[in-house]
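Undergrad: Each chain is listed here by its residues.
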Amino acid sequence: MKKKSTFSYARYGYIFSIPFLLAFLIFSLYPTLYTAVIGFTDLKGIGNTTIHFLKDDPFANYKAILASDTFQIAFKNTIKLWICNFIPQLALALLLAAWFTNVRTKIPGEGAFKVMFYMPNIITAATVAILFYSLFGYPMGPVNDLLVRFGFLKEPFYFTNNKEASQNIVIFIQTWMWYGYTMIILISGILGISPEIFEAADVDGANGWQIFWMITIPNIKTILLFTLVTSLIGGLNMFDIPRLFMNGGPDNATMTVGVFIYKQAFSGGYLYNRAAATSMIMFMIIVAVSSLLFYLLRDKEEEELKKIKKQQIKAMKLKMKEAK
Amino acid sequence: MAKNQNVKKTIIFIICVFLAILSLFPFVIMIVNSTRSTTEIQQHAVSLIPSVYFSKNLKILLGKSFNPAVGFMNSLIVSIGTTALATYFSTLTAYALVVYDWKFRDAFFSFIMAIMMIPAQITMIGFYQMVYKIHMTNHLSMLILPAIASPSMVFFMRQYMKPALSLEIVQSARIDGAKEFFIFNHIVLPIMKPAIATQAIFTFVSSWNNLFTPLILLTDQKKYTLPIMVSLLRGDIYKTEYGSIYLGLTLTAVPLIVAYLLLSKYIIAGVALGSVKG
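Quick note, the sequences are listed as chains R and L, same order.
Take 1 as the starting number for the first sequence in this note's numbering and just add one per residue.
Take 1 as the starting number for the second sequence in this note's numbering and just add one per residue.
Source of the hints: derived by calculation from the structure; they are not laboratory data.
A quick note: this is a predicted structure, and the numbers were derived from the prediction, not measured.
Incorrect hints may have been included.
Footprint (simulated), chain R over chain L, 3 or more residues, beta carbon under 8 Å [said to hold, decoys possible]:
1. 9-17
2. 48-60
3. 77-84
4. 90-103
5. 148-159
6. 192-204
7. 232-243
BS3-like mimics (lysine-lysine), calculated; alpha carbons at most 27 Å apart, straight line [to be verified]:
8. L/K223 / R/K106
9. R/K44 / L/K223
10. L/K222 / R/K263
11. R/K309 / L/K9
12. R/K154 / L/K239
13. L/K222 / L/K133
14. R/K106 / L/K239
15. L/K64 / R/K106
16. L/K162 / R/K307
17. R/K106 / L/K3
18. L/K3 / R/K263
19. R/K55 / L/K133
20. R/K263 / L/K193
21. L/K239 / R/K263
22. L/K56 / R/K221
23. R/K44 / L/K64
Think of the CB as a built atom: it goes at the ideal place given N, C-alpha and C, for glycine as much as any other residue.
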């Protein structure tokens, strides 16, 4: 009965998908393929659009990029900046999420804190980058003013001229902008755990630390992995902050792959071909990472069932341990 | 035990207050310094007391290439266009996936999930070359139209629609003689309102804050969006005009802060709903 009634309407399934497909073909698929093609050509020079395929060595652009010192530095920086911001970001978010969802430690003003922690994420990254550039200004930016006034430093420190300091500031900005977001995602994950599991653990006398590691963490594993993958993809594309904070400098210390691609294609020699080759290298890395996420999301429902079973077994075990 | 709990609570509260200050402090400095003169800022860059140089800073700021009104208008056009197209067509595509039984439906959904995480930034060289070839680089439409295909939003809309929309409603509307398109516009869209509102907020904000695509496509100052306007503040033209730089930043940040504080309840609930970032 049902099949018969929907059958005649099937063509609307196609019709309603057409706008999406058209826009995808024009604005997404074609540019992707075209980027791939440009990677094998000699396309460079401002405003140039005529392409000639490389005859001697089609992979010349890829080889040049992989051998380029600047690309290697940019790639290492991108990974370093991401790892160094993701670890404290996740740790802080987990800690806050655990506190905010714990009924025993109800913090006054919880809602207001959430609003404030998430606020930096909503502000334009371009504005944030230039604001921090001003805050760390030399010789009399606000940070130097405070450090000197309260006696932490004898004289102003030239933050943006120092490689280490500039990297750390970018790491700080990224952490500062994203821990609130991660916290809210984790809170909703923790609130999704059945309260009975917590109650059971509570009755059995498990302390906060045990509950956190043995119940909370295993139950939000999927969300943690989701956070990891999305953050990694975002991190591999990091552009706004390093570009506007120090434009990749000083001495390539904040040069990320995103900034590198932009600089290759839209300054100096306008090397569209090199930039395209770099993009495709990153594209392949991101495809690898996102297929991992694809796999995770596909098995979500089955996994959830498994998890509930596992949880019950775990709770039983915990109970049995207590009984002993 | 209770005492121990109270000590813990106090420590947590102090940490939270510290983090809250950390979140607000940069913006407070920014806003206060936008009212102070460059000389005042050079003497003491940190002050919580506003001064009286707001209009003077504004004069210097607007006297050069920074034009917040133009940036604001362009950003508004792009963000509203993007949000409208993305939410409407994503809901339509999700509807095609949920309600109709067609041959390639499952394949199409798998495909959407596969491309969901690929960021537009990575294919930007090809996109730029394509747009340049057809002489559309300074057209805002090139920033808006790609939103028709927003895979991650289709995914979200489908997940929301599946339990929210009962097929009986659609069936009974058909019996009453309603056309498919009419059913979508007048019955399905209202049902999807909460999901659309959530997604609209995030699309609007991320479009408003987008720097990379406009930076590549727009070369005409009259077409600049706000993030590119902001990037001018980093250039040589305002080098020592600290008060004006802070004022420029304030003008771009304050509307967002106000909108955020007004909508924070919905925004935070929206993030919690598991907004899949595109």
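Undergrad: Would you mind marking each hint as holding or not holding in the structure?
TA: Evaluation of the provided hints:
1. 9-17: holds (count 4)
2. 48-60: Three-residue rule not met by the stretch 48-60 of chain L, so violated; n is 0.
3. 77-84: violated (count 0)
4. 90-103: holds (count 11)
5. 148-159: Held - the stretch 148-159 of chain L has 4 residues with a Cβ nearer than 8 Å to chain R, which meets the minimum of three.
6. 192-204: Not satisfied, violated; 0 residues make the cut.
7. 232-243: holds (count 3)
8. L/K223 / R/K106: Roughly 50 Å separates the two Cα atoms, so the pair is violated.
9. R/K44 / L/K223: holds (26 Å)
10. L/K222 / R/K263: holds (24 Å)
11. R/K309 / L/K9: Status violated; Cα separation ~34 Å.
12. R/K154 / L/K239: holds (26 Å)
13. L/K222 / L/K133: holds (21 Å)
14. R/K106 / L/K239: Not OK: R/K106 and L/K239 at ~48 Å, beyond 27 Å, violated.
15. L/K64 / R/K106: violated (51 Å)
16. L/K162 / R/K307: Answer holds: L/K162 to R/K307 is near 23 Å, not above 27 Å.
17. R/K106 / L/K3: holds (14 Å)
18. L/K3 / R/K263: Violated. L/K3 to R/K263 sits at ~58 Å, over the 27 Å cutoff.
19. R/K55 / L/K133: Given pair R/K55, L/K133 holds - Cα atoms ~24 Å apart, limit 27 Å.
20. R/K263 / L/K193: Outside the cut-off at roughly 42 Å; violated.
21. L/K239 / R/K263: holds (22 Å)
22. L/K56 / R/K221: violated (54 Å)
23. R/K44 / L/K64: violated (33 Å)
Of the hints listed earlier, those the structure fails to meet are numbers 2, 3, 6, 8, 11, 14, 15, 18, 20, 22 and 23, in rising order.
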